[in-house]
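Participant: Just need the whole structure built from these sequences, with the hints factored in.
Protein chains in written order, with our numbering: chain A, 1 to 300; chain B, 1001 to 1132; chain C, 2001 to 2473.
For the record, the hints were derived by calculation from the structure and aren't laboratory data.
Check before you lean on any hint, since a few could be wrong.
Computed cross-link-like contacts, DSS-like style, restricted to lysine-lysine with a CA-CA straight-line distance of at most 27 Å [unchecked claim]:
1) A/K96 - A/K292
2) B/K1022 - B/K1010
3) B/K1113 - B/K1100
4) A/K32 - A/K288
5) C/K2063 - C/K2103
6) C/K2472 - C/K2445
7) B/K1010 - A/K60
8) C/K2472 - A/K239
9) A/K60 - B/K1113
10) A/K73 - B/K1097
11) C/K2110 - C/K2063
12) A/K60 - A/K288
13) A/K31 - A/K96
14) C/K2472 - B/K1097
15) A/K288 - A/K96
16) C/K2028 - C/K2366
17) A/K32 - A/K292
18) C/K2374 - C/K2188
19) B/K1100 - C/K2472
20) C/K2288 - A/K239
21) C/K2178 - B/K1100
22) A/K222 - C/K2466
23) C/K2374 - A/K222
24) A/K73 - C/K2188
25) A/K91 - A/K31
26) A/K31 - A/K292
27) A/K288 - A/K73
28) C/K2103 - C/K2137
29) C/K2329 - C/K2178
30) A/K222 - C/K2103
31) C/K2028 - C/K2374
32) C/K2445 - A/K222
33) A/K222 - C/K2288
34) A/K239 - A/K60
35) B/K1113 - B/K1097
36) C/K2466 - C/K2445
37) C/K2188 - A/K91
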Amino acid sequence: MIRHTHYDLIIIGGGPAGMAVAVGAADGGLKKILLLERHPRLGGILNQCIHVGFGLRYFKEELTGTEYAFRYKQQFEHSGTEVSTNSFVHKLTPAKDVTFVCPEGEFLVSGDHVVLATGCRERTREMLTTPGTRPAGILTAGLAQEMVNIHGLLPGRNVVIVGSGDIGLIMARRMTLEGARVHAVLEILDHLSGLVRNKIQCLDDFCIPLFLSHEVLEIMGKDRVEGIRFRDNATGEVKDMNCDTLLYSVGLIPERDLLMDAGIEPGNGYHVAGNADYVHDLVDWVSKDGEKLGRALRSA
Amino acid sequence: MKAQTKSKKKPDKPLDRTKSRKFTCLVCPTCCELETDGSNVNGARCPRGEAFALQEMVMPMRVVTTTVRCDTAEGLRMVPVKTTSAVPLGRIFEIMKGIKALRLAQVPAIGTKIHAGTTENQVELVVTGEVG
Amino acid sequence: MVRMTLNVDILIIGGGIVGSCLARELAKYHVNVTLLEKEAELCFGVSKANSGIVHTGFQSDAKALKTQLAVRGNALYRDLARELDFPFLPIGELVVAFPGEEKGLEPIRKNGEDLGIPGLEIVDRTWLDQHEPNLSKEIRCALLGPTAAVINPYETVYALAENAVANGVRIEHEAEVKTIERQGTAWKVMTSRGLHHARYVINAAGLYADRIARMAGMQVPAIYPWKGEEYLLDEHAGRLTSRVIFPLPRKETKGVLVIPTVDGNTMIGPTAEEMFNPEDVTTSRAGKHWVVENIRRLIPSLREDMIIASFAGLRPATQGGDFHIQEDKPGFINLVGIQSPGLTAAPAIAEYVVDMIGNHVDLTLKENHVASRKAIPRFRVLGTEERNRLIRANRDFGEVVCRCELVTKAEIREAIRRGARTMDGVKFRTRSQMGRCHGAFCTMKIMTIMAQELGIPYDRITKRGKGSEVIKT
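Facilitator: Written out as structure tokens, the structure is:
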């Protein structure tokens, strides 16, 4: 049960961005801060990022996503922020009323400032309207990451990754280490989408080919993916490839539905932090930006 | 977006072109483009990059990150781990086999060291996260 | 799993909208009824993927059986939706006329009037400006049919089936009919799950109705599957129109339509393409292009980036074009060619078939028949007070599983208790996995709940039945 009905600051999302805003805000003198997190624990997407590549700028150490979450949480715990987990925010108003649902009930709180630290979601096959069938075995790279790292499940054994975004590259390695065969990464643009260091560690290390200017034309398979038809847009050549799993890593979309649904623009006490603002390269910048944003918030 | 670095690129040393190879440094997000002939390294902005290139030439080493099965009373939990030091890339699947064979009975605290593999080929892991 | 031979009075083959309406209708009488469905769940065939429209009925030839049944079906839906608590939105429809087409409207209006369809009127440009501002200004006038409605076909099927089961109907899933033989005064039907003897068999097998009939030694009109692709627009695009919008009809199809769905977003489609494979439900680039081009004519402000999802369905069309509903052999009623207006006509088809059976079999009404059924509470549409009441009684209503459609754990569990056995079954009963993120957030949560509720390991959870397992071991 939360303590107040009104707060200096309400933060929606307890991932790195939300925690950073809280740290900065407390540092800047704000007293009554509420953080609402929909999962049972803080950490956001970092909780499923078991790979290294985090913290080199912020903590001056190469950490895994999970280690970064742990370290940052320790800092966050000093901010005096009130935290309500299992709390799903689903409605906002221009007057900064925030409605959330949790196993104790549905509640309304209001704040002088409301920060959306809701991260981003992944672009899906459906959004691309890729023609073909709708079998099992098509999922986003992030969902695959959750399946493997949190639940110890393997989404498939013969994988093709669509899109060369970082999550796709990371999952190419992860799936390979777990015993799957990743046949290729197909990228529609003529250049790599993700970081070069990920291409090397995730594809080159395992001899997984990256095909640029390649487009998936059709998905085949009745109940389970059986293969794809694709085209090399540089030459026009069309080929088929067998696989049983398609992981989509074709872009991230900042999660601002809450504002959009209410017709609210940032401003007048509404702020957006972290990947909900724009997709950051490194979580280190999310922490720095978030703290800066938090520090700039003044009591009403 | 390239981050700011403290040290400037050093002047290029002569390389034996018959032996030299190019690598992208994986040590930090700067990703310097390195070239080495096994003795001299060009393109590194810091000593770690030089060490990386020399090692990569001889035997690529990587830190392995994965999860370890833990069958608790509340159900299955996957515990995130990493190798405490880089391991030879060529041995990665063998090492993974040893890690995948592990079964923990309870979730260890972050920072706990675990050993995997056979006595002859042991690998040290460290727990890298809290588990929900 | 092979069972002992069961004696039933009536065997329904096919668990789509027609089979479910039949089950619900027959459950009112003292007869032993079993419904056989070859897929893992009901409504995985023709009934799953269509426009969801309950037509007025004026769009087809007045003399045809399908027209009579559609008009009657439309009338029956109102009470049915109320009794069985499924969403039914009587938003009405417009058949629009571009310059030069205006004269085409009056014959349709007259046809409808002769059929007894109420409220038909031809509306002009001023009316259209006021009531449908997003429609192309080139449209001169339109025929308004206020009695048209939209439903979610799968919600309707599950509502009917739950009520049928509550009143004693048996449903067998993954029971594909293999052979049919006459044995004395009964029909002997062998399925992948066992043998049935039935006095009456009702063939409501949709795309396979002709094959089922042939299995039993009857010649019926052949089925030509016609594929229709549909495209869903993002909720953020809003309701582009308030009513279902039709262009003037052509012979093969009613045209490419604008369909405000029950769930609040807009659907555009369908295409009409003859298929040779009754399992081809692929969407295509050409299909999308066709739909977008045709709808832009109706709604100039349509943008391709509004499209967030698509699917395709198959129409069980026959050359004749009318419904074939006949007792082609004693005790065997074939329902062949139940394409549009099949969804609309379904409740009336059930009435019609029960009448047919009633001529030969004693059908006495049950006194203890339960007419009504309550839907799974839909958290998303409730007010705070109601939500808190539910949460206080059951904490699972306070745990959000689907972030896009605001579906709670309690609803997922209830869907499983009411018969959902697959991810798609959960999807169609709750709307989870249908939102913007297409399951990226909720999939693992739903799988965990399914594993708990059904006591099965994750690798036995399927998207829509065997062969579509979500996980590989």
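Participant: So, for every hint listed, does it hold in this structure?
Facilitator: Now for the hints, and whether the structure bears them out:
no.	hint	verdict
1	A/K96 - A/K292	holds (21 Å)
2	B/K1022 - B/K1010	holds (17 Å)
3	B/K1113 - B/K1100	holds (16 Å)
4	A/K32 - A/K288	holds (22 Å)
5	C/K2063 - C/K2103	holds (22 Å)
6	C/K2472 - C/K2445	holds (18 Å)
7	B/K1010 - A/K60	holds (22 Å)
8	C/K2472 - A/K239	holds (26 Å)
9	A/K60 - B/K1113	holds (22 Å)
10	A/K73 - B/K1097	violated (33 Å)
11	C/K2110 - C/K2063	holds (14 Å)
12	A/K60 - A/K288	holds (13 Å)
13	A/K31 - A/K96	holds (18 Å)
14	C/K2472 - B/K1097	holds (18 Å)
15	A/K288 - A/K96	holds (25 Å)
16	C/K2028 - C/K2366	holds (6 Å)
17	A/K32 - A/K292	holds (18 Å)
18	C/K2374 - C/K2188	violated (36 Å)
19	B/K1100 - C/K2472	holds (17 Å)
20	C/K2288 - A/K239	holds (22 Å)
21	C/K2178 - B/K1100	violated (45 Å)
22	A/K222 - C/K2466	holds (11 Å)
23	C/K2374 - A/K222	violated (34 Å)
24	A/K73 - C/K2188	violated (68 Å)
25	A/K91 - A/K31	holds (24 Å)
26	A/K31 - A/K292	holds (17 Å)
27	A/K288 - A/K73	holds (14 Å)
28	C/K2103 - C/K2137	holds (18 Å)
29	C/K2329 - C/K2178	holds (19 Å)
30	A/K222 - C/K2103	violated (46 Å)
31	C/K2028 - C/K2374	holds (18 Å)
32	C/K2445 - A/K222	holds (25 Å)
33	A/K222 - C/K2288	holds (20 Å)
34	A/K239 - A/K60	violated (46 Å)
35	B/K1113 - B/K1097	holds (18 Å)
36	C/K2466 - C/K2445	holds (21 Å)
37	C/K2188 - A/K91	violated (57 Å)
Checked against the numbered hints listed earlier, the structure breaks hints 10, 18, 21, 23, 24, 30, 34 and 37; every other hint is satisfied.
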